[in-house]
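Mapping of the sequence shown onto this note's numbering: position 399 corresponds to residue 393, and the numbering continues sequentially without gaps.
Check before you lean on any hint, since a few could be wrong.
Below, in silico cross-link-like pairs of lysine-lysine (DSS-like), each with a Cα-Cα straight-line distance of 25 Å or less [stated by the list, open to error]:
# : residue 1 : residue 2
1 : K964      : K587
2 : K308      : K587
3 : K136      : K107
4 : K620      : K587
5 : K836      : K942
6 : K964      : K976
7 : K927      : K830
Each pair of labels, with its calculated beta carbon distance range [as the list claims (entries may be wrong)]:
#  : residue 1 : residue 2 : range
8  : G728      : G235      : 47 to 57 Å
9  : P736      : Q446      : 35 to 45 Å
10 : D686      : G804      : 15 to 25 Å
11 : P240      : R219      : 28 to 38 Å
12 : N592      : G513      : 27 to 37 Å
13 : P984      : Q446      : 49 to 59 Å
The set of hints was computed from the structure by calculation and includes no laboratory data.
From a predicted model like this one, the values you see are computed outputs, not experimental measurements.
Built from N, CA and C at the ideal position, the CB exists for glycine as well.
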Amino acid sequence: MGAASLGLMSRPRRRLCTSIEFSAPRTGRITTESATSDALHLSCRITAHCCWTAPPCPRPADASVSRPSGPAAMDFRTRSPQPGARWLVRRLQATARDLTSWSARSTGNVRDKLVICRELIARFDHAMESRLLAPAEDWLRKQLKVAYLGLASLERTIARQRARISFLAEGDANTSFFHKQCTFRRQKNRVHSLLVDGHVLCEHDEMAHAAFTHFDGLLGTAVDREHTLDLEQLVTADDLGSLDAPFTPEEIWAAVQCMPAHKAPGPDGFSAEFLQACWGVIRQDILDVFDQLFLLPGRGFAKLNQALLTLLPKRADAQKLGDYRPICLIHIMAKLFAKVLSLRIAPKMDSLVSRNQNAFIAGRSLHDNFMLVRQSLRMLHHLGAPCIMLKLDLTRAFDSISWSFLFEMLRQYGFGDRFREWIAILLSSASTRVMLNGVPGPPIWHRRGLRQGDSTSPQLFVLAVDALGRLMHRALQAGILRRLHPRRTVPAVSLYADDVMLFCHAEMDEVLAVKGILGIFEAASGLWVNYGKSSATTLHGDEESDALIEALGCQAATLPITYLGIPLTTRRPTPAQMQPLVDVVAGRLPTWKAWLMNKAGRLTLVRSVLSAIPIHQMLTLTPPKKTLKQLEKIQRGFLWAGRAAAQGGHCHVNWRTVSRPLALGGLGIRDLERTGLALRLRWLWLSKTDADRAWKGMDLQFSNEELGLFYASTFMVLGDGRTALFWEDRWLHGQSIRELAPMLYRCIPKNRRRVRTVADGLAGNAWARDIRGVVGLQEIGQYLTTWQRVTHTALSAEPDRLVWKWTANGDYSARSCYQATFHGSLACHSWKLIWKGWAPPKVKFFHWLVSLDRCWTADRLARRGLPHHTRCLLCDQEPETIHHLLLACPFSRQAWHEALSWLRLPAPAPEQDISIQDWWIRARDATPPSLRKALRSTALLVPWMIWKHRNACVFDHATPSLPELAEGIKDEMRCWARAGDKGLRVVLPPSWDVH
-5 MGAASLGLMS
5 RPRRRLCTSI
15 EFSAPRTGRI
25 TTESATSDAL
35 HLSCRITAHC
45 CWTAPPCPRP
55 ADASVSRPSG
65 PAAMDFRTRS
75 PQPGARWLVR
85 RLQATARDLT
95 SWSARSTGNV
105 RDKLVICREL
115 IARFDHAMES
125 RLLAPAEDWL
135 RKQLKVAYLG
145 LASLERTIAR
155 QRARISFLAE
165 GDANTSFFHK
175 QCTFRRQKNR
185 VHSLLVDGHV
195 LCEHDEMAHA
205 AFTHFDGLLG
215 TAVDREHTLD
225 LEQLVTADDL
235 GSLDAPFTPE
245 EIWAAVQCMP
255 AHKAPGPDGF
265 SAEFLQACWG
275 VIRQDILDVF
285 DQLFLLPGRG
295 FAKLNQALLT
305 LLPKRADAQK
315 LGDYRPICLI
325 HIMAKLFAKV
335 LSLRIAPKMD
345 SLVSRNQNAF
355 IAGRSLHDNF
365 MLVRQSLRML
375 HHLGAPCIML
385 KLDLTRAFDS
395 ISWSFLFEML
405 RQYGFGDRFR
415 EWIAILLSSA
425 STRVMLNGVP
435 GPPIWHRRGL
445 RQGDSTSPQL
455 FVLAVDALGR
465 LMHRALQAGI
475 LRRLHPRRTV
485 PAVSLYADDV
495 MLFCHAEMDE
505 VLAVKGILGI
515 FEAASGLWVN
525 YGKSSATTLH
535 GDEESDALIE
545 ALGCQAATLP
555 ITYLGIPLTT
565 RRPTPAQMQP
575 LVDVVAGRLP
585 TWKAWLMNKA
595 GRLTLVRSVL
605 SAIPIHQMLT
615 LTPPKKTLKQ
625 LEKIQRGFLW
635 AGRAAAQGGH
645 CHVNWRTVSR
655 PLALGGLGIR
665 DLERTGLALR
675 LRWLWLSKTD
685 ADRAWKGMDL
695 QFSNEELGLF
705 YASTFMVLGD
715 GRTALFWEDR
725 WLHGQSIREL
735 APMLYRCIPK
745 NRRRVRTVAD
755 GLAGNAWARD
765 IRGVVGLQEI
775 GQYLTTWQRV
785 THTALSAEPD
795 RLVWKWTANG
805 DYSARSCYQA
815 TFHGSLACHS
825 WKLIWKGWAP
835 PKVKFFHWLV
845 SLDRCWTADR
855 LARRGLPHHT
865 RCLLCDQEPE
875 TIHHLLLACP
885 FSRQAWHEAL
895 SWLRLPAPAP
905 EQDISIQDWW
915 IRARDATPPS
925 LRKALRSTAL
935 LVPWMIWKHR
945 NACVFDHATP
955 SLPELAEGIK
965 DEMRCWARAG
975 DKGLRVVLPP
985 SWDVH
């Protein structure tokens, strides 16, 4: 294998950190022993209370948090003439130190002064507990208190200004910044105690030792195998010599671009963003390392292949180490090397791996496995013969697979010696430190398993575990196992990574044979089945079923069961079976922060989270109407009221309007029923266009609604006629015979409609022999018409091609299918003004309500009998309506005039008798293209500021003030420009300093 020979031991790299050391005053009178204790006695920042806090743990320099700009930032200085891995390690360490130093300098000294003041005040306070301070010391302490308050105020002011700009740019939008804000309080990942062998450990050293022992036994201990497999009987070798080619700069740069830029960095502190931003500087050093790896020495790569293992709780009451999910943070260079190898393997995976394994292979999906298992289950259920379905759980599959078995599989697949040596370098030089509460432990040198976070790990695991499916197929060929269905092909095994589903006859000899095959696979691969967590479901079982399950040693289960996160049953799911989905959606509501979020922020969560959760199940299942109503109720309640349910008075707009696309006047929230319909049409499309799916040949069931939408959205370009269905498909000039001759179509048996192709039907006019039953005059007339239409049809040598009408390339997409369900609806002419311009989401949401007249102005309050002002508070002349408030009010018109004059836009102020949308359309045509973005932003900003000023008068009893409103508009324009509004940035005067 060559893996053991390439294990390069090295001392762990020193972790980079910055620290500030404080020395005691020379008087010696306030020096205390507490300065070196494990906890610092600190005074509170503002009050006289005090608290105990542990000293912060050092952490690696993180180059992804902030990076310098300018030529000095790219000073990746040369310090050695020898290229290679060891040289790159030293350069990365030096760069990390330089970045840490630059970060400390560039952030200013406000934070440092705060730390110094706090430390000196803490020492004075500690000295006061044992003696009185001298007058000079007391004076200094008071001065430090005053200085501390001033510095704290300055720091808050800077942070507030930065936060305002950041929130305008990314707040309430579907960004990582917004989602981190919504879930920040959920990130309670500190490990306070561990339950090990019945004992509760609370001390850090004890917990760290327990974690090291646990993961060292899991990752750092090789397990001897009892036997191997004769892989020549299972796998046919392929020619994969092209994978041994030298690394090219273009290939490495493509891998860098594919890496996520903002993922957590490894022990080196660098993320992929560093490589992408500084590639021009670091490029040659990276290429030198890859040149060295191509020559296979592997020296020094162990220092570039280190990782940190952090623990995230799987549940709120995590106690044992098994209750934590290990997350591996790998060195950036090891990530890059693995990514390059992964990109080489990826195009070969489809031809190497069996069709019943669909994990981590481009073009295949998890739902293919579910469809395969569900259709197999339905066929066996209809057959009526007793059988058993086994759902197997592999114990820590990724962490326990044998390297020897993995390399035997790679050799048999046809991977070359050089490529296998690269994999050996990547595996055997890996070391991991368990980071508990921010403190890394001693290194664990890997001796088995695959690291999660390594790009090659999923592919290597899939290649190895595919041997189980091949073993089952070989046993079927050898007669050890019998066919499950006498007429149809039903696979005995379905694999999705380590999720295994097996079918066998409910007979003792076959059950024992299956268990024997699993035992052979376990002993050869190092992957062990946890029968305690596995389950067996019997179909048409009898009194012997319990004995069979007992022989397997697993739990008995009944349908429905959960497979790949989806309820698995032979029938359509019931509301009770779909209730866990409703509970999951309801559990995702960030109720603790809902009251602090505006409706635009809640809209973002509904669209990106609550509407996305059901998609996984709706791809394969048709949820009951009751389930869809429950899900929509949760979404509606959270959007309008911030909770799981809302009364009618809280909902400003009916849900049917809300769940329409933006261009049709809605909020873009997915209509769940239409979404499910669009998603499930992919199976009809794939059944006609992809013959390599694992479930191909099985009778998929579709509703009349799904069939109707599919045939209305497709037509067949006729070629050789071997795939186009004569009676069903639209192959006659974009129409089908079922549409042209519906009475004749009813005379065709259902089993003939689905199998008769155009080529077969035209051969000897065989289609005419499909007609059955009573034929009347209408049927005869349609028969003659059909005869005339198909008689002169000419076939070609080209294959038939199914065309999707709603996309330019003719291929199905769920998005185009969803949009097609709204075909014929009236468009909203103002949607581009609201949603296409630059503005914070809450401003866009406000304008959407304005377009529907759903703002709580005095006229709407009066219609509902609620307290309201009789006249507009801004002008005190007319009754308040949303149109008057934003356009017709003299106060507002003056604000419009001043805003347009500041920006020197040629558009006149809005007229009183038209809407904002109509005014914008007219003004846009009169405005040069270079100023239209600024005009759009102005049309959004000014009404928003008028509305805020009106609310201040209503709720805060403020006095209408045009200068105050004008100053607020200017300030908001300045902030929008700084946050990213390019249109305003162009037209604002230079004196406003928006850059």
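Going down the list of hints, with the structure as the test:
no., hint, in the structure
1, K964 <-> K587, "31 Å, violated"
2, K308 <-> K587, "22 Å, holds"
3, K136 <-> K107, "16 Å, holds"
4, K620 <-> K587, "28 Å, violated"
5, K836 <-> K942, "12 Å, holds"
6, K964 <-> K976, "16 Å, holds"
7, K927 <-> K830, "10 Å, holds"
8, G728 <-> G235: 47 to 57 Å, "48 Å, holds"
9, P736 <-> Q446: 35 to 45 Å, "57 Å, violated"
10, D686 <-> G804: 15 to 25 Å, "20 Å, holds"
11, P240 <-> R219: 28 to 38 Å, "34 Å, holds"
12, N592 <-> G513: 27 to 37 Å, "60 Å, violated"
13, P984 <-> Q446: 49 to 59 Å, "53 Å, holds"
Hints 1, 4, 9 and 12 from the list above are not met by this structure, while the remaining hints are.
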